[in-house]
Structure formats: C-alpha cells, structure tokens
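Visitor: Listed below are the residues making up each chain.
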Amino acid sequence: MNAGNADATGQGSVVDAQLAAEDAAAFLPGVKIEVISADHQNSPDIAPAIAREWRTNKAVNVVADVPFSSAGLAVSQAVRDAPRTMPRST
Amino acid sequence: MINLVKQAHEFGLVRGSQRVAAPLTLIADVQPLGLQTAQGLYLALPFYWDLNDRSRAFSARFAARMRGRKPTMPQAGVCSGVLHYLKAVKDTGSVDAAPVMAAMQRIPADDDAMGAGAVRKDGRAIHDFHLFQVKSPSESKSLWDNYKLISTVPAAEAFRPMAGGGCPLVR
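Quick mapping for you: the protein sequence lines, in order, are chains A and B. The working numbering numbers the first residue of the first sequence as 1 and each following residue consecutively. The working numbering numbers the first residue of the second sequence as 91 and each following residue consecutively.
No wet-lab data here; the hints were simulated from the structure. It is possible that some hints are incorrect.
[To be verified] Over 12 angstroms on every C-beta distance to chain B, these chain A residues come out as not near it, computed from the model:
#1 Pro44
#2 Glu53
#3 Thr56
[What the hints assert, rightly or not] Computed list of lysine-lysine pairs in PhoX-like fashion (alpha-carbon distance at most 25 angstroms, straight line):
#4 B:Lys96 <-> B:Lys225
#5 A:Lys32 <-> B:Lys180
#6 B:Lys180 <-> A:Lys58
#7 B:Lys96 <-> B:Lys231
#8 B:Lys211 <-> B:Lys180
#9 B:Lys225 <-> B:Lys238
Every residue gets a Cβ at the ideal spot worked out from N, C-alpha and C, and that includes glycine.
Please model the complete structure; the sequences and the hints are all you need to start from.
Guide: Here it is in structure tokens:
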C-alpha cells in the first residue's frame with residue numbers, strides 16, 4: 001500500500017484487523033476469521049469495485065478502515081444493499 | 091498541514107509565544123516533521139499509544155509486527171471497530187448487518203486500543219478526546235515519546251449531538 005495514507009493506515013490497519021481477529025478467537029472459538037486487504041489507491045472508482053468483488057466472490061462480512069473520504073463513501077454506497085456486508089470507515 | 095507547521099516554525103510563531111493547533115494531526119505526521127519543528131503544536135485525538143497501560147500494551151503488540159512503529163489513531167480505530175463488530179457477531183450469533191448493527195449500538199465498546207466507547211443510533215462511534223501538545227526535543231525520552239496530555243474532553247461532549255446532525259437513522 002502506497003501514497004499519502006500509507007503511514008497513517010495502510011499495512012498498520014491490516015495488522016490491527018488481525019490483532020482484533022486474534023482477540024476474538026477467545027470468545028468466538030471454532031469460528032474462522034480471515035482478514036484480507038487491498039490497496040484502493042485512494043480512488044473512488046477502484047475502492048467500490050474491490051468491495052463489490054469481495055461481497056460477491058469472497059463472502060466478506062465487514063469492510064474496515066477505507067481511508068480517503070471519497071473512496072470510503074463510495075464503498076458505503078457499494079455495499080449498502082448487501083444484507084451481510086457492513087461498511088466501516090475511519 | 092505539514093508545510094504549514096514547517097512555515098510556522100520557520101517564522102518563529104511558537105517561539106514568539108503564539109499557539110498553533112492542527113486538530114487532525116497524526117503521529118505519522120509528527121514523526122517526519124521532527125520535534126524540533128513540531129514542538130508546541132496542539133492536536134486533538136482519541137488515541138495516543140502512551141496514554142495509559144492498555145494503550146501501551148496494545149501498541150507494543152502492534153510495534154512487534156510493524157518494525158517498532160506505534161499505531162496511529164485510524165489504525166487503533168480499526169482494531170477497536172473490528173473487535174466491537176466481532177463482539178456483536180458473538181452476541182447475536184448472526185452476521186446479518188441489521189441485528190449486528192443493533193447489537194453494536196447496544197453493547198458498550200471497551201478494548202485496549204480505544205478504551206471505553208459507544209456506538210450511537212446514528213452509527214457514530216464516540217469516545218473521550220484528548221488535547222495533546224507536541225513535546226520539545228529535550229522533553230522527549232524516546233523516538234515515539236511525542237506528546238504531553240493537556241486535557242480530556244468526555245465522549246458525551248466531544249462529538250456533535252445527534253439532534254444537530256440530521257441523520258435519517260435517528261428521525
């Protein structure tokens with residue numbers, strides 16, 4: 001992950017999602033929690049395309065982080081009608 | 091923002107006893123600026139790695155995987171938010187968005203990354219906010235020892251009240 005938000009979010013955000021998944025193993029035993037990530041390149045076109053791909057082909061349940069407001073808002077729109085996908089932007 | 095802080099330093103604003111505030115400054119901005127340039131800057135954040143024992147414990151786990159870096163506020167927010175979501179999944183036994191969202195609003199948020207918090211009916215997560223000031227080089231004891239705590243605004247006062255937001259979820 002590159003460009004202006006990489007130090008503020010980027011790989012560190014992926015690590016933090018993994019830490020949360022590891023902590024959740026204590027109260028969700030036997031549940032497999034997988035963290036996947038992608039670089040949306042701060043693009044409001046690329047970001048929702050990734051979100052749509054994830055919800056359609058990867059059964060993703062929650063989308064976290066999504067820095068860069070235009071990209072985050074586009075992801076919110078992209079998953080709005082998906083009953084099993086929740087957006088969350090910082 | 092980084093250029094403005096550099097110019098404020100260059101023109102001696104802080105040395106001339108003016109106070110400079112850049113509310114959404116992250117530690118990832120202060121690190122490249124350096125304390126010599128950024129010292130005296132005021133900023134407001136809900137997270138700083140050296141705030142308390144819990145934030146230090148969380149940040150040590152992060153640093154072990156990030157070549158010693160300390161987490162920024164958005165990164166800490168990811169850990170807190172994902173964990174809170176997973177607690178709601180546990181509570182409801184569901185991954186459907188509607189019941190999980192309702193549970194996220196019902197269950198108090200509490201974790202090492204962000205401390206105590208709550209998710210309001212409009213979907214906004216709230217927590218205490220802190221006013222920090224960037225330390226001078228002589229006050230700092232280590233590379234990431236960057237802020238001193240000036241004051242804390244309780245969560246209930248730190249965010250725009252729901253009534254003023256016009257959110258369709260709370261009508």
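Visitor: Work down the list of hints and note, for each, if the structure agrees.
Guide: Going down the list of hints, with the structure as the test:
1. Pro44: Proline 44 (chain A) is indeed farther than 12 angstroms from all Cβ atoms of chain B, at 18 angstroms.
2. Glu53: The claim holds: glutamate 53 (chain A) sits with its nearest Cβ about 18 angstroms from chain B, beyond 12 angstroms.
3. Thr56: 16 angstroms, holds
4. B:Lys96 <-> B:Lys225: This hinted pair holds, its Cα atoms lying about 15 angstroms apart.
5. A:Lys32 <-> B:Lys180: 13 angstroms, holds
6. B:Lys180 <-> A:Lys58: 21 angstroms, holds
7. B:Lys96 <-> B:Lys231: Holds: lysine 96 (chain B) and lysine 231 (chain B) sit about 23 angstroms apart, inside 25 angstroms.
8. B:Lys211 <-> B:Lys180: 20 angstroms, holds
9. B:Lys225 <-> B:Lys238: Judged against 25 angstroms, a Cα distance of about 6 angstroms means the pair holds.
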